[in-house]
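Residue-level listing of the chains:
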Amino acid sequence: MNDRAAPMKLKRTNGLIWILPAFLFLVIIIYYSMFFTFNLSTMEWDGLSPDQTRVGLANFAKLFRDKVFWKCLQNTVVYFVITFVIQNSLGFIFAAILHTDVKLATLHKCLIFIPTILAPATMAPVFRLLYSPQGILQSFFNWAHIPITVDWLSRPNTALYVLMSVAIWEFTGMSFILYYAAMSQIDMEMLEAARIDGAGNLRTLWSMVLPNCRGTTVSMAMLGVIGALKTFDIPYLITTGGPMHATEFLGTYIYRQGIRQSHLGYAAAISVMLLVLAVAGAYLTNRANKGGGKHA
Amino acid sequence: MLEVRSVKSKILLQLLLFIMTVPYVLPLIQMVAGSLGGRGFANYKAVWDTGVVPTFFRNSAIISGGVILLVYVFSMTAGFGFSKLHIFGKEVYFWLILVALTLPEVILLTPLFVTFQKLRMYNTFFSVIFPQTALQMPFTILLTRNFLDGVPDELMEAARIDGANTFQLFVSIIIPLTKPIASAVIVLTLINSWNAYLLPLLFLQSPAKQTVTLLPQFFQGEFTNDQTKILAAAVMTAIPEIAAYLCMQKNFEKGMSAGALK
Numbered sequence: 015m016n017d018r019a020a021p022m023k024l025k026r027t028n029g030l031i032w033i034l035p036a037f038l039f040l041v042i043i044i045y046y047s048m049f050f051t052f053n054l055s056t057m058e059w060d061g062l063s064p065d066q067t068r069v070g071l072a073n074f075a076k077l078f079r080d081k082v083f084w085k086c087l088q089n090t091v092v093y094f095v096i097t098f099v100i101q102n103s104l105g106f107i108f109a110a111i112l113h114t115d116v117k118l119a120t121l122h123k124c125l126i127f128i129p130t131i132l133a134p135a136t137m138a139p140v141f142r143l144l145y146s147p148q149g150i151l152q153s154f155f156n157w158a159h160i161p162i163t164v165d166w167l168s169r170p171n172t173a174l175y176v177l178m179s180v181a182i183w184e185f186t187g188m189s190f191i192l193y194y195a196a197m198s199q200i201d202m203e204m205l206e207a208a209r210i211d212g213a214g215n216l217r218t219l220w221s222m223v224l225p226n227c228r229g230t231t232v233s234m235a236m237l238g239v240i241g242a243l244k245t246f247d248i249p250y251l252i253t254t255g256g257p258m259h260a261t262e263f264l265g266t267y268i269y270r271q272g273i274r275q276s277h278l279g280y281a282a283a284i285s286v287m288l289l290v291l292a293v294a295g296a297y298l299t300n301r302a303n304k305g306g307g308k309h310a
Numbered sequence: 003m004l005e006v007r008s009v010k011s012k013i014l015l016q017l018l019l020f021i022m023t024v025p026y027v028l029p030l031i032q033m034v035a036g037s038l039g040g041r042g043f044a045n046y047k048a049v050w051d052t053g054v055v056p057t058f059f060r061n062s063a064i065i066s067g068g069v070i071l072l073v074y075v076f077s078m079t080a081g082f083g084f085s086k087l088h089i090f091g092k093e094v095y096f097w098l099i100l101v102a103l104t105l106p107e108v109i110l111l112t113p114l115f116v117t118f119q120k121l122r123m124y125n126t127f128f129s130v131i132f133p134q135t136a137l138q139m140p141f142t143i144l145l146t147r148n149f150l151d152g153v154p155d156e157l158m159e160a161a162r163i164d165g166a167n168t169f170q171l172f173v174s175i176i177i178p179l180t181k182p183i184a185s186a187v188i189v190l191t192l193i194n195s196w197n198a199y200l201l202p203l204l205f206l207q208s209p210a211k212q213t214v215t216l217l218p219q220f221f222q223g224e225f226t227n228d229q230t231k232i233l234a235a236a237v238m239t240a241i242p243e244i245a246a247y248l249c250m251q252k253n254f255e256k257g258m259s260a261g262a263l264k
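Sequence order for the protein chains is A and B. According to my numbering, the first sequence is numbered sequentially starting from 15. According to my numbering, the second sequence is numbered sequentially starting from 3.
Hints are not guaranteed to be accurate.
Claimed, not checked - Rough simulated footprint, nothing fancy, chain A against chain B, three-plus residues with beta-carbon under 8 Å: (1) 42-55; (2) 76-89; (3) 95-109; (4) 122-135; (5) 138-146; (6) 158-169; (7) 184-195.
Simulated from the structure, these hints should not be mistaken for lab results. Being a predicted model, the structure only gives us computed values, none of them experimental. Even glycine gets a Cβ: it sits at the ideal position worked out from N, Cα and C.
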């Protein structure tokens with residue numbers, strides 16, 4: 015703070031001291047950890063023994079031949095695409111309906127939003143039960159005489175979809191709230207004009223409302239890409255990445271390799287890849303946003 | 003948004019809304035129904051009688067409180083500095099902070115685990131509060147800076163002429179001005195730190211230090227997989243959260259949506 019007796023322009027006051035505490039805190043924790051991870055990714059270490067062996071890029075070479083690593087990436091892409099489309103479509107439709115004059119709007123709004131504030135850790139045992147033969151879904155199928163066995167979590171070809179349904183359940187409220195806010199900004203006269211020209215509800219939603227919510231869609235895409243790469247709680251708590259790596263994500267795989275099996279160097283190499291992908295993902299969605307021209 | 007004129011279409015729309023909401027309520031119904039399985043409300047009593055529930059809540063409150071305090075102070079001071087003051091190489095600092103936005107917490111595990119053990123910080127509240135703060139701060143600084151960028155400088159220049167130094171100006175002008183964004187920052191930080199699972203899982207080993215997100219796990223050991231009691235514990239964890247949301251709906255919705263918008 016460079017204060018003198020005479021009043022001085024704010025913009026010329028040196029502000030370094032104001033950002034330094036936050037900046038140093040971040041450097042000590044985040045950048046220290048990143049450096050540590052980069053360093054560790056070129057080593058072989060079990061975390062306990064005093065000798066750490068330098069192995070150069072061997073961990074990365076191993077990574078590219080590791081089928082589970084590619085499975086993680088595949089799961090991440092599938093998970094992102096499907097949850098992004100369904101979650102935002104539902105959020106958008108909910109927002110459109112609740113912007114119309116319907117009964118019990120506040121109640122519905124709360125019920126959709128409650129899942130976003132509950133911890134995945136709290137809900138995980140609930141979902142394990144819900145999607146098991148002891149759950150109420152199974153009771154319903156039995157009651158309706160529908161011959162379906164709810165064992166989807168234990169089957170490699172369905173488990174990932176169960177986890178996606180949990181993620182959609184959890185985050186629709188967020189999409190909904192944002193689309194709801196975006197729709198409040200839309201000029202109603204414009205919609206009226208479209209209606210006078212004979213556009214139906216679906217037509218208006220698709221070609222007038224949705225384009226006007228473009229900013230929200232882009233934000234959700236960016237958040238979705240980073241979120242899918244970071245995914246940990248839901249798969250770890252519900253399936254621990256199984257059965258047979260069917261629901262393995264980069265996060266759960268890093269945990270499995272590093273914490274469970276003490277392959278710290280290898281886990282660090284996966285972490286480096288994850289970090290590169292997350293930064294690249296954020297950069298690309300941001301660019302796509304800016305390249306797209308119109309901002310909503 | 004939609005045009006519904008006839009009574010028939012109004013009823014259809016209402017019905018559609020109802021059907022679409024059912025899947026969102028289903029897990030909550032399962033949670034309550036499951037928790038009452040077997041011995042009914044005795045499950046709740048069994049969970050309560052272990053005496054650990056208040057401890058887990060207290061720990062979560064201490065950790066969230068600590069994170070909120072640090073995040074608030076860092077966001078307001080740094081947001082002010084970045085938005086209103088002269089800093090050489092400002093955008094470089096800002097960019098370095100933003101890179102941390104994309105950082106997945108799982109990357110921090112090994113480095114911090116090794117370091118905290120060396121520093122004897124392992125199994126203390128700080129081992130969760132510090133990394134949580136670092137993970138949340140980049141975003142809240144961004145929010146605060148964007149908010150302050152929209153506030154005209156003239157307000158502050160006027161205080162300057164009255165002879166206030168930078169610190170007085172921060173306390174008397176910036177703090178009151180930033181209330182709207184501060185409430186979003188606080189709620190967002192609260193939800194994220196209260197719901198955090200991975201860092202407490204790894205860094206808090208003794209049940210006396212653990213947080214509510216670790217309750218299901220604790221009871222899995224305690225009741226050897228008696229699902230009904232684990233679900234009773236889940237209900238007890240969820241109720242205060244839902245109550246807090248219902249009391250401060252607007253703040254929660256604003257905080258969470260601030261979390262998605264840049």
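Outcome of the hint check:
1. 42-55: violated (count 0)
2. 76-89: Satisfied; 11 residues make the cut.
3. 95-109: It holds: at least three residues are needed, and the region 95-109 of chain B offers 12 whose Cβ sits within less than 8 Å of chain A.
4. 122-135: holds (count 3)
5. 138-146: holds (count 3)
6. 158-169: Holds: 8 residues of the region 158-169 of chain B have a Cβ under 8 Å from chain A.
7. 184-195: As far as the region 184-195 of chain B goes, the hint is violated, because 1 residues have Cβ atoms under 8 Å from chain A.
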